[in-house]
Structure formats: C-alpha cells, structure tokens
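Please model the entire structure based on the sequences and the hints provided.
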Amino acid sequence: MKKSLPLHLGLIALLIALQFILPVYHHGVLARVMVMATYAMGYNIMFGYTGLLSLGHAMFFAAGMYGMGLSVTQLDMSIGPAFGMGILASLLFSLLVGLLALRTIGVAFMIVTLMFSQTIFLTILYFGSVTRGDEGFVIQQSVRQIAGLDLSDPTIRYFAALTLFTTVLLGILWLVRAPTGRVLIAIRENEERAKMLGYDTWRHKLAAVVMSGTVSGAAGAAYGVLFGYVGASFAQVPYSIFPLLWVLLGGAGTVIGPFIGTLFMFYLIDLSSGITDAYMLVVGVVLVLLTMFARNGLMGIVRERWAKWLP
Amino acid sequence: MAAVNLLSTRDLSRNFGGLQAVQNVDFDLPQGEIRALIGPNGAGKTTFVSMLCGRIPASSGTVTFQGQDVTTLPAHKRISLGMAYTFQITSIFGNLTVFENVALAVQHRLGRATKQLQTEVTTALTRVGLDRRADQVAGDLAYGHQRLLEIAMGLGQEPKLLILDEPTQGLSDGEISEFIQLIREVSSNTTVLLIEHNINVVMALADRITVLNFGEIIAEGTPDEIHANPAVQAAYLGG
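As you go down the protein sequences, you meet chains R and W in turn.
Numbering of the first sequence is given in my numbering, commencing with residue 1 and proceeding in unit increments.
Numbering of the second sequence is given in my numbering, commencing with residue 1 and proceeding in unit increments.
Not one of these hints is a red herring.
Going by beta-carbon spacing under 8 Å, a handful of chain W positions derived as facing chain R:
| id | residue |
| --- | --- |
| 1 | R55 |
| 2 | A75 |
| 3 | I79 |
| 4 | Y85 |
| 5 | S91 |
| 6 | F93 |
| 7 | G94 |
| 8 | N95 |
| 9 | L96 |
| 10 | L104 |
| 11 | A105 |
| 12 | Q107 |
| 13 | H108 |
| 14 | G111 |
Calculated pairs, DSS-like style, for lysine-lysine (alpha carbon to alpha carbon, straight line, at most 25 Å):
| id | chain 1 | residue 1 | chain 2 | residue 2 |
| --- | --- | --- | --- | --- |
| 15 | R | K195 | W | K160 |
| 16 | W | K160 | W | K115 |
| 17 | W | K77 | R | K195 |
| 18 | R | K3 | R | K308 |
| 19 | W | K115 | R | K308 |
| 20 | W | K77 | W | K160 |
| 21 | R | K3 | W | K115 |
No wet-lab data here; the hints were simulated from the structure.
Just so it is clear, the structure is predicted and the values come from calculations on it, not from any experiment.
Even glycine gets a Cβ: it sits at the ideal position worked out from N, Cα and C.
Right, here's the structure in full:
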C-alpha cells in the first residue's frame, strides 16, 4: 500500500490537472477514455483477477446503458435515478448470467457468455419499437442535467467521467487487497487448491461476475448519460472484444493496466488513422508485436522489471 | 484405545467405470493419533483420502467427521469443519509469494487481514523453515521447498485432521528428519493421516498403520504388528 496508493492517487491528480491544460480535442478523448477504462476495469475483475474469460461483456455494458436510457424515455425519470436504474439493471442481469454461465468452465464459459450477449443484442433489435433498434436514441441535452449542472458541458462531463473512474479505480485497489480479492486471485492461480483451503470458489466466482458486470454496466450507463446516445451497436461483438484487448494491452490483473491499455488503443487508432487509411493494418501489427513481446501487457512489463509491488 | 473417533467411514466405495478403486472400507481414526496409510502403488490410497476430504464423491458408503455425516458435503465445507489436505502432486499458487500462499490458508480461518495473520503466517513458515523465503515467488522454489510450503499451508489452517499425501516425496534426508520432528509437534493437538511410501518415516511416526491393497484394507495395527504381518509382506512382495 505504501507505494501503490501514491501511484494511483498520482494518476488521478494528473487527470485532474490535464483537464485544465489539454486542448479541446484531447480533452474530449480523455473523457471518453476514462469511461471506457472503467468498462475495462470492470472486465478486469473477472478476466484479470479471477481468471474468467468472458466473450460477451457487451451485454453488461448494454444492460447499464439501456437500463438508464429506457428509464429516461419510457419512465420519464430524471438522469440521476435513471443512472441508478442502469446500475441496478446490470447488477440483476449479471447475477442471472453468473448463475447460469458459471455452470460451465473454460471454453464453454466463453461460448455461453458470447451467446448470451448475442441474445441481448437480438432482443434489443426485436423490441425495436421501444429501443429504436439499430438506430438507437438520443438522450436530450435538456434531460442530461443534474443538480443544475449540464452533463453535456465538456468540463462537467470530464469531471463526471473522472469521478466514476476514480471511484472504480480506488474500489478495485481496495478489493484486490481485501480478503475477497485475494481469494479471487487464488481462484485464478489454482482453483482446486483454493477450494481445498476451504473457500467456496463458486460463490466467489459469482461475486466476481456480479461486480464485473455491475461496473461494466455503470460504465455503459455513464456513456449514455455523458455522450447522450444509446444504441444497439454497443451490444455487439466488438464491444465484447474491446475490453479484452484493452486489458490485455494494459496488463491483465493490474489495477492501472485497463486505463493504460484503453488510452494506448485510442491514441494508436487516432494517430495511425492520421497517417494512413490502412490504419487498422498498423493497429494490427502493433497488437501482434505486443502479444509476441509483451504477453503480460504494458503494466505487466513494468511489474516484472521495476515494480513487483504493483497491485 | 477408548479415544473418540474423529473420522470414520462405513462401506466406503468408489469405482471409476468398471474399476473398483476403493471397496467397502470401514475405517476409524481416533482423535490425536498419527495414522499411516500405506499400500502398493494403485492400492487406492489417494482415492480413499480424496473421498474423506471431498475432492471426489463416494460411489457409496458414508464418511463421518466429528460425529457428523459429511458424505454429501462439498470439499470447501469439510475443510471449514477442520480438515486440511496437502496434495500428492504439489499444488501451490505458483505466481504468488510464499507468504501469500500461506496467508490464503490462514485467512480462511481468521477472516479479516489482521496483524494476527502476519504473525501466524510467519509462525507456520518458521516451523517448516521457509521463513527466510517468505517473499520469494512460490513457483521459483526448489521442489522440496514447495513440498514444505504445502505442509506450511496445512499448518496454517490449524486443522483438527491433517491429511498428508506423500509429504516427504522429494525431500532430502535432513529435511525428512526435520519433517518427522515437525509432525510429532503438530500431533500434540492435531490428528494426522499420512500416506507415505518412505517406510522409515512411517515407522518413526505412526501410532498405527492401515494397509490398503486393491482398494481394500488388508491389515491394520501397530508398526510392529504390520511389520510381522504375512498378508502385508505378500502384498508388497507380490507373493
């Protein structure tokens, strides 16, 4: 805790400072990155710390996003309670998914999560009259107000994203040192042994799915609130793969890795698309190189070489 | 001996497909005893103890622990009742430090991460002589040290029944004599069930010995009785 708390608080302080100095464009990018990094941190609870590989996390992101969005459009809720509904929706949904999907392990678990996620995507399309299907719907600027603050204003949006990001970052930092978090890591390392030390591994895995799904859902709800759009594309396969990529790049099983990975990926696409139309080729090559030479991700390297204490 | 039985089995059996790995075993382990379980390779020793601690379910029969029928309880609940099992094939958390490995064993009993956790982990590590390696990554330890770590994890659980599956495999002679000393100390407040091939360890430690062959108990008695038992000699020498 001696070294890691200053590091993580330092990152937050840096992000606060950047708000005042970044040019408009990068300011907007960073707000988006913080929300998506929150999504990645949620993913990391399951994948990085518990060793559960999900291929369907978009369903949790979408559960939060639509839980929030539909509460606004269908129930005329104001944005604060609607955001709460988004979190509640993803919490209940991840509990249900956990109860069903955790009956499987390994590859079967990956397939089951993938299929559930596709089901959610198709369900969104099926109820197109309510969800507006592929097209999605806009959360009006007039609705995106909380306590007199306009959430569509860049500065307020930035700080709202930072608040969510900070809460989750510090929450996970606490979790991975708490007894529960240690057991999740034990399950990742050797589930059979964890069981034979007396831990109910199934229950712990269920808790991991619920925490992971709820944080991912909170990110989805926040995305809808802050950027004013709710759409079915967020429930599609790419949005299940992104958090996996971000976490792998940044370093699975590190608290800070998901943020680093998300930031890296955003700017990799951003910068390479400024150079060539074939930017996906550049991105692909970089990803291949990273998986060849940095299997534990960027923060994984930092941990191996310089900072063994990195949580 | 009039002592209370900590653990009993009745008609305990397990078959894998057509293979009867353990059949109709009636077994009683009095509290406070060190019992050695021996038998030729493939006699069903590991299968038998795995049914005791719940790693594999019994095909039929019952397991009673502290007077409670635990036959259908999942492993983690039996462990919580006070059993500990150290694996025959070393099973540790290879990427975590030695300290963290034992901390996970202690934490289950203590709940919160406290100062007491620190003390108890250090005590367990000191008892097996690994205290100076607390910060090493467990997977980097030499094989013999990993075996000792397994034992330290078992000690950290402070079990009522400690089941050791071939604990001295891969230990040096010096480490084996320390191990014998350690188990003697432990047995003052823990019942020990020991699967062991090293006959010197068995003779030095066991109060009584149970001999398993082809999934059945063929003999049970004091080390001297077992030593003189013709059925045991036949099982080992193939006579």
